[in-house]
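If you read the protein sequences in the order shown, they are chains A and B.
The first sequence runs 1 to 326 under the working numbering.
The second sequence runs 327 to 591 under the working numbering.
No wet-lab data here; the hints were simulated from the structure.
Incorrect hints may have been included.
Said to hold, decoys possible - Listed next, the in silico DSS-like pairs over lysine-lysine satisfying Cα-Cα at most 27 Å (straight line):
| id | chain 1 | residue 1 | chain 2 | residue 2 |
| --- | --- | --- | --- | --- |
| 1 | B | Lys580 | B | Lys518 |
| 2 | A | Lys68 | B | Lys474 |
| 3 | B | Lys542 | B | Lys580 |
| 4 | B | Lys398 | B | Lys434 |
| 5 | B | Lys526 | A | Lys71 |
| 6 | B | Lys446 | B | Lys545 |
| 7 | A | Lys71 | B | Lys401 |
| 8 | B | Lys549 | B | Lys518 |
| 9 | B | Lys391 | B | Lys587 |
| 10 | B | Lys549 | B | Lys580 |
| 11 | B | Lys526 | B | Lys580 |
| 12 | B | Lys391 | B | Lys580 |
| 13 | A | Lys77 | B | Lys526 |
| 14 | B | Lys545 | B | Lys401 |
| 15 | A | Lys71 | B | Lys411 |
| 16 | B | Lys434 | B | Lys446 |
| 17 | B | Lys434 | B | Lys488 |
| 18 | A | Lys77 | B | Lys401 |
| 19 | B | Lys526 | B | Lys488 |
| 20 | B | Lys398 | B | Lys542 |
| 21 | B | Lys474 | A | Lys77 |
| 22 | A | Lys77 | B | Lys411 |
| 23 | B | Lys542 | B | Lys587 |
| 24 | A | Lys71 | B | Lys580 |
| 25 | B | Lys446 | B | Lys518 |
| 26 | B | Lys549 | B | Lys391 |
| 27 | B | Lys533 | A | Lys68 |
| 28 | B | Lys549 | A | Lys71 |
| 29 | B | Lys446 | B | Lys391 |
| 30 | A | Lys77 | B | Lys549 |
| 31 | B | Lys411 | B | Lys401 |
| 32 | B | Lys549 | B | Lys533 |
| 33 | B | Lys401 | B | Lys446 |
To be verified - Have a look at the derived ranges for each label pair, beta carbon to beta carbon:
| id | chain 1 | residue 1 | chain 2 | residue 2 | range |
| --- | --- | --- | --- | --- | --- |
| 34 | A | Ser220 | B | Glu547 | 55 to 63 Å |
| 35 | B | Pro516 | A | Thr61 | 21 to 29 Å |
| 36 | A | Leu39 | B | Lys411 | 26 to 34 Å |
Each residue gets a CB set at the ideal place from its N, CA and C atoms; glycine is no exception.
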Amino acid sequence: MVAARGTEDPRGTTLKAIATPYNRGLHRLAVVLACWTFLLIIAGALVTSNDAGLSVPDWPTSFGSLYKIPKLVGGVKFEHTHRMIAQGAGLLTIVLAVWTWRVEKRRWMRVLGLAALGTVIAQGILGGITVLFYLPPAVSSAHAALAQTFFCIAVVMALFTGRKWVEEQPRVEFDQRRPSLFTLTLLSIFVLYVQLLLGAMFRHHGLSWWPHVVHAVVVSFVLAWTTVRALTVYPHIEAVRRPAILMLSLVIAQLCLGFTAFLTRVAWGRDAVQPELPMVMATVTHVAAGALLLATAVILAIQVWRHVPVAFEEILPQAQRDPSAA
Amino acid sequence: MNKKTGWARISVGVLALCALLALAACSKKEETPAASSMADQPAMSAPAATPIDPATVAAINGTVKFDGPAPKASKIDMSQDPGCKGMNEAENVVVTGGDLANVFVYVKDGLGNRTFDVPKDPVVLEQQGCRYHPHVLGVMAGQTVQIKNSDPTTHNIHPTPKDNREWNESQPPSSPAIEKNFAREEIMLPVKCNQHPWMKMYVNVVKSPFFAVTGKDGKYEIKGLPPGDYTLAFVHEKLGEQDQKVTVAAKDTKTVDQSFKPAAE
C-alpha cells in the first residue's frame, strides 16, 4: 500500500500538522553541534584510553582556575582538551536551544532543543562527579553512555532541521510484516544501547570484558536482521536504504575494531606499563565507531517510522462492523 | 493522562534518576570523613606502646631471590612530557643477578596485641625523573609521608587504596612537600600519577615497625624484634605473597631467605 504523507487527505487537511519553513542557519548550527559532539566523544575516549581522567584533580575549575589554560603535557593534554571541547559543546547547545525555541513552529522540536540542553548540563555534572569521586565505574559509565545519547540528540536535531526533512512529502509504504521493520530498528537501538553500557562498564573497570564480547554476537544478529530486512524489502526508499547500508558497514567495521581493541588491551596490553599507541588507537576508534553506529540506528528508526509505518487493522466493535447497524 | 501530568512524571523520573546516580557516587565514599579525621590525628587516640626489653631483641635478615631468568624490563616512553627525563625502564620486576628488589617484608602475625609508637620522623617519597623514589615504601599507620616533587613538571599523587581514604592532589614544580598519612593497615596500596601513566609505586601501611623492603641486592633486615614465633610475609607487586614461619630467641639473629618464581602467564 503506498500513500504520500503531507498530501491532502479526503477531508481536505494535510497530514503535516505544521508547515515548517527551512532555516538554513539553524540546520547548520545543528550539524556543527553534531560534528563537535563527535569530536568531543573522541576527546573523551582519549582521556579514558590514556588513563588521564584524574590528571586535573579539581572540577569545575582546572588547577584552581576557570579560564587559565594549564600546560598541556602528559595526561593534562587529554583531560583539559576534553574539558575545553565540552565547554564549546555546552555553548553551542545553549545557542541551538534558544534559537530553536525562538524560531521553531514545531512544539516537539522546541522540547527537543530543551532536552539537548538538559542532557548537556547533566553530562557536565556527571563529568564533574566522576572527577570529584575518583572515577566510580557507575558514574563514569553513565557519563560515557549519556555522551552518546547527547550525540544522537544532536544528530536527530540536524536531521529534523534539514531541508529534506522539512520540505519533502514522504511516500509511505505500509509494513505488513511481523516483526515490523520499525520494531526491528527499535530493537537495534536497544541492543546497541545495552552494548554501549556493557562496553563503558568494562572500560571503566566496573565489569569484566566478556559480557561486552558475548553481547556483540546478539548485536550483530539483530543489526544484520534489521539491515537485511531494510535492504531487501525497501531498497527503493533512499531514506531507508542509505542508513541501512551505513549501519551494516559500521557493524562490520565495529566487529573488526572490537577484535583489535580486545587484542591490544586485554590480550597483549594487560601488563603494559603505560597506555600504548595501538591500544589507544584501537579503543578510541572503537568508541567513535560505536557512537556513529548508535546514531545511524536512530536515524534508520526515524526514517522507517516516517516512510514505512506499521500497518494495523482497526478492530471495530461488533455493532459498527454489522452493516445493518449503520 | 493529560500532557501536563505526563511531563511532570517525566521530570520526576529524571530527577529521581539523577538522585540515584548521585547516591551511587556518594555511597562508596560514605566513610571518607571518618577515615580523614583518623588519618589526621593518628597519635591522639593511640594507646601507649607495649614496652620491649632492648636487651633481648632479635633480628631477622635474608635475601630474596628470583627463581628463573630475569625478565626484560619494559621500556617507558616519557616523550609526552618534555619535563620528564631519566631512566626509561619499568620497575615492576627488578632482578639483578638473581636478586629480587622491591619486595616488602613484614611481620604479618605473632605480635599479638602489642602496640608501637608511631615514628615522629616522616618517610620521604620523592618524584624525580618522573619516577617515584622509592618504588615500594613501608610506613606505619599514622606516620607522616612527606611527598616531594623535584621535577620541572607538575605531578599528581593519587593513591587508590582499598581500606584507606582515597585522595588526588597535584603538585607543581618547586612547590612545598605534601604531607599525608594512612590510618589503616594496607599492603601494596597503589599510588599513581594520572599525568604520567607509567608512574606507579606502592605504599605498605603496617601497625608495627618490623618491616623492610629489599634493595637491588635482594637483601633486607628487620631489627628490634622481641623474641617469639612469627609469620614473616614477603610481598611483591606482581609476584604475590609468600609467608614463612620463624622463631627467634632473645638476642637471636636469624637468616630467612625466600625465592619467587616467575608469574604464571
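These are the hints, each one checked on the structure:
no. : hint                            : result
1   : B:Lys580 x B:Lys518             : violated (36 Å)
2   : A:Lys68 x B:Lys474              : holds (25 Å)
3   : B:Lys542 x B:Lys580             : holds (21 Å)
4   : B:Lys398 x B:Lys434             : violated (31 Å)
5   : B:Lys526 x A:Lys71              : holds (22 Å)
6   : B:Lys446 x B:Lys545             : holds (26 Å)
7   : A:Lys71 x B:Lys401              : holds (25 Å)
8   : B:Lys549 x B:Lys518             : violated (31 Å)
9   : B:Lys391 x B:Lys587             : holds (9 Å)
10  : B:Lys549 x B:Lys580             : holds (10 Å)
11  : B:Lys526 x B:Lys580             : violated (33 Å)
12  : B:Lys391 x B:Lys580             : holds (17 Å)
13  : A:Lys77 x B:Lys526              : holds (19 Å)
14  : B:Lys545 x B:Lys401             : holds (26 Å)
15  : A:Lys71 x B:Lys411              : holds (17 Å)
16  : B:Lys434 x B:Lys446             : holds (23 Å)
17  : B:Lys434 x B:Lys488             : holds (18 Å)
18  : A:Lys77 x B:Lys401              : holds (22 Å)
19  : B:Lys526 x B:Lys488             : holds (16 Å)
20  : B:Lys398 x B:Lys542             : holds (15 Å)
21  : B:Lys474 x A:Lys77              : holds (23 Å)
22  : A:Lys77 x B:Lys411              : holds (18 Å)
23  : B:Lys542 x B:Lys587             : holds (17 Å)
24  : A:Lys71 x B:Lys580              : violated (53 Å)
25  : B:Lys446 x B:Lys518             : holds (26 Å)
26  : B:Lys549 x B:Lys391             : holds (21 Å)
27  : B:Lys533 x A:Lys68              : violated (44 Å)
28  : B:Lys549 x A:Lys71              : violated (47 Å)
29  : B:Lys446 x B:Lys391             : violated (33 Å)
30  : A:Lys77 x B:Lys549              : violated (47 Å)
31  : B:Lys411 x B:Lys401             : holds (13 Å)
32  : B:Lys549 x B:Lys533             : holds (15 Å)
33  : B:Lys401 x B:Lys446             : violated (38 Å)
34  : A:Ser220 x B:Glu547: 55 to 63 Å : holds (60 Å)
35  : B:Pro516 x A:Thr61: 21 to 29 Å  : holds (27 Å)
36  : A:Leu39 x B:Lys411: 26 to 34 Å  : holds (33 Å)
Hints 1, 4, 8, 11, 24, 27, 28, 29, 30, 33 from the list above are not met by this structure, while the remaining hints are.
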